[in-house]
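Student: Full structure from sequences and hints, please.
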Amino acid sequence: MTALGWAYAVVFYAATALFVVGLALKIRRYATTPAPLKIPTTPAPTTGGGAALRMVREVALFESLFKSNKWTWAFGWLFHVSLLLVILRHVRYFQQPVWEPIVWVQPFGTYAGFTMVAGLAGLWARRFLVDRVRYISTPSDHLHLALLIAIGLSGLGMRFVAHTDIVALKAFTLGLMRFDVQPLPADPLLLLHLALVAVLLIVFPISKLLHAPGLLFSPTRYQVDNPREARHVASWAAALDK
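257 is the number that my numbering gives the last residue of the sequence shown; the numbers go up by one with no jumps.
Hints are supplied without guarantee of correctness; some may be wrong.
As the list claims (entries may be wrong) - In silico DSBU-like cross-links for lysine-lysine, where the CA-CA straight-line distance does not exceed 35 Å: (1) 53 / 82; (2) 85 / 185; (3) 85 / 53; (4) 41 / 53; (5) 53 / 185; (6) 185 / 223; (7) 185 / 82; (8) 41 / 185; (9) 41 / 85; (10) 82 / 41; (11) 223 / 41.
Since the hints were derived computationally from the structure, they do not count as laboratory data.
Tutor: Next up, the structure:
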């Protein structure tokens, strides 16, 4: 099991490095891409505070998706809220002692696994059942959804079907953080679950899943609707005016 622990430790160190570096490079690219036009989606706020509030509503409530399609919003919001609870539940594996808020969220995170998979199933079903969505769906869209559902189902399997040694697993994850590799339980479901999570970390920076940070850099959302009150000039265009 020590060799197995070392193998998975190397995989997770590499996957985490690719995730962090890849995500940082993508965010840097988003942040430095010029926005030469004033293109907020109207009706849009006319003040900076209003634009910030709009962005908060977009991130927390998926406001534009709600206005566009109620079914897609329902499945999408269900998945993302459930994913947040599941991630918070998993924080306990990286803490000793565990924070009280993380202890409090444990039962909610457990059953959020079911709603997370249900939300993903609804989002995947629309790619088969809605003609216009099926037409624009690519193999990567299906693979991303399949990967996320597989992660959810394998996690639920460990919780409700084939239990794993949680104490040993926590020792392994804490060891990863301290660069002190510990033995990893050789349970098939656990190994599958961890391998799928590593794959997700690797593909995230080069996938459509980047809409998560990308939303924050969307000029149609963060821009203030004040083209008559103030001239909008991109940084590279301002240099040409000199």
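Student: Between residue 41 and residue 53, does the CA-CA distance stay at or below 35 Å?
Tutor: holds, 23 Å
Student: Has the given pair, residue 185 with residue 223, been kept, meaning a C-alpha gap of at most 35 Å?
Tutor: holds, 31 Å
Student: So if I understand the rule, the pair passes when the alpha-carbon distance is 35 Å or less; does residue 85 with residue 53 pass?
Tutor: holds, 28 Å
Student: Next pair to validate is residue 53 with residue 185; report whether the Cα-Cα distance is within 35 Å.
Tutor: violated, 50 Å
Student: Sort out whether residue 41 lies within 35 Å of residue 223, counting only the CA atoms.
Tutor: OK: residue 223 and residue 41 at ~12 Å, within 35 Å.
Student: Does the alpha-carbon distance linking residue 185 and residue 82 stay inside the 35 Å limit?
Tutor: Not satisfied, since the Cα-Cα distance of roughly 43 Å exceeds 35 Å.
Student: Residue 85 and residue 185 were given as a pair; does the straight-line alpha-carbon distance stay at or below 35 Å?
Tutor: Measuring from Cα to Cα gives roughly 40 Å; hence the hint is violated.
Student: When you check the alpha-carbon spacing of residue 82 and residue 41, does it fall within 35 Å?
Tutor: With a Cα-Cα distance of about 29 Å, the restraint between residue 82 and residue 41 holds, given a limit of 35 Å.
Student: Straight-line Cα separation of residue 41 and residue 185 no greater than 35 Å?
Tutor: holds, 31 Å
Student: Residue 53 and residue 82: Cα distance at most 35 Å?
Tutor: The hint holds at about 22 Å.
Student: Is it true that the CA of residue 41 sits at most 35 Å from the CA of residue 85?
Tutor: The hint holds at about 30 Å.
Hints 2, 5, 7 from the list above are not met by this structure, while the remaining hints are.
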